[in-house]
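S.K.: Those sequence lines, one after another, are chains A and B.
Sequential numbering of the first sequence, starting at 10, is according to this note's numbering.
Sequential numbering of the second sequence, starting at 10, is according to this note's numbering.
Hints are supplied without guarantee of correctness; some may be wrong.
Because identical chains cannot be distinguished in the list, a pair is counted as satisfied if it fits within a single copy or across any two copies.
Stated by the list, open to error - Derived EDC-like pairs (lysine to aspartate or glutamate); straight-line CA-CA distance at most 16 Å:
hint, residue 1, residue 2
1, LYS17, GLU188
2, LYS17, GLU71
3, LYS17, ASP97
4, LYS17, GLU103
5, LYS60, GLU20
6, LYS17, GLU50
7, LYS17, GLU80
8, LYS152, GLU171
9, LYS60, ASP97
10, LYS60, GLU128
11, LYS60, GLU37
12, LYS152, ASP164
In short, the hints are calculated from the structure, not lab data.
Keep in mind the model is a prediction, meaning the values are calculated, not measured.
Here is how the chains run, residue by residue.
There are 2 protein chains.
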Amino acid sequence: MTFHEFIKGDEGWVIQRRDSLFVHQYLEVDQVHLSSPTRPELFQWTVCHRKAGVVVAAQTPEGGFVLVRQERVPVRATLWEFPAGQIDQSGVHEWQTIVDTGLRELEEEAGYAAGPLAEVVSMHHFLSSPGFTDEHCYQLWVKGAVPAAGGMHLDPNEAIIEVRVFSWNELQQMVLSGEIRDANSLCCIARLGAILSAPRGG
Amino acid sequence: MTFHEFIKGDEGWVIQRRDSLFVHQYLEVDQVHLSSPTRPELFQWTVCHRKAGVVVAAQTPEGGFVLVRQERVPVRATLWEFPAGQIDQSGVHEWQTIVDTGLRELEEEAGYAAGPLAEVVSMHHFLSSPGFTDEHCYQLWVKGAVPAAGGMHLDPNEAIIEVRVFSWNELQQMVLSGEIRDANSLCCIARLGAILSAPRGG
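Could you put the whole structure together from the sequences, leaning on the hints where they help?
M.R.: Here it is, written out as structure tokens:
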């Protein structure tokens, strides 16, 4: 299992040795011996590998955003979040794999699908904690999301207890109050904020 | 080492057993047997514990934001980010501990300090990947940051190669282009965006 081939443009980084410290279904930990562009002497770092994810900012034709309220075990809290999930395949991810994963999660978790006039726009990716893990999450903006014919299909491991459409102003209030507090959603809101406030080209 | 006492308001969550799978200086992995508010039957989850962090959006009196450019080993990339670091103490964190950690990192990594008229404002915290880890990062907005008398004091483990002040519009361009792509910075920009666009009280 190699989660780390997503890295491109790593000129000047040389991995000399990689010792596996822990292997598990959901994460792997390596001790890496390497040199970097500004550190030619060999040094060590502990790296936690995780599968890549996809998070979806799905916007209805009326302009609202689809969020799910779900239980999150590590923090023992129930959070409002954009739908998201992991990419099963490791390695380099093609655009179509990212879109397929994002739309699958949108339908499974929220019961929404890309409508006939929908547009799926890349908002790049973000790194959840790049001092510690290579986990990265691709960010999609689905413009024109509509209720899916078949509704939700929840994974038995997930506890999603509510789905709701929020306006941009409501999202901003939830960011201000701290109610939205997962990186997936906040990073999408940062990208959307930059997109929505950018001057429109002619 | 218990990183998880930060959790408050966890009514309905009952941890029955916690088996340690991996213990390391920078992370611990547990297999937790628990029930949740909507899942009364015992189930299991793998939880990665990490120390809490503090990230600082430091704004100069002229309105620019202080960013550092640093090498990030797990993704083998050099990124522009807001200064950030971990809180050494585990457990529940008092406001003063969070502020002290944030200002320490601002000075060590960027060579900036809170000026005589500075104001330190809480922007809550975010969860870097709450399906997998309890890692959380407190977000501070330091208004009125000035160059520190003593300059930077870099940790030998860190490779920070540049410090620069960016305008809000420059940050928005770097969010749009994907150049800013760590959760620390994007989550701060999401909160700042909501704060700066909120209607001002009279």
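S.K.: Look at each hint and say if it fits the structure.
M.R.: Hint check:
no., hint, in the structure
1, LYS17 - GLU188, "between (35 Å within a copy, 14 Å between copies)"
2, LYS17 - GLU71, "neither (38 Å within a copy, 36 Å between copies)"
3, LYS17 - ASP97, "neither (20 Å within a copy, 33 Å between copies)"
4, LYS17 - GLU103, "within (14 Å within a copy, 40 Å between copies)"
5, LYS60 - GLU20, "neither (23 Å within a copy, 31 Å between copies)"
6, LYS17 - GLU50, "neither (22 Å within a copy, 44 Å between copies)"
7, LYS17 - GLU80, "between (34 Å within a copy, 14 Å between copies)"
8, LYS152 - GLU171, "neither (21 Å within a copy, 38 Å between copies)"
9, LYS60 - ASP97, "within (7 Å within a copy, 28 Å between copies)"
10, LYS60 - GLU128, "neither (26 Å within a copy, 40 Å between copies)"
11, LYS60 - GLU37, "within (10 Å within a copy, 18 Å between copies)"
12, LYS152 - ASP164, "neither (25 Å within a copy, 45 Å between copies)"
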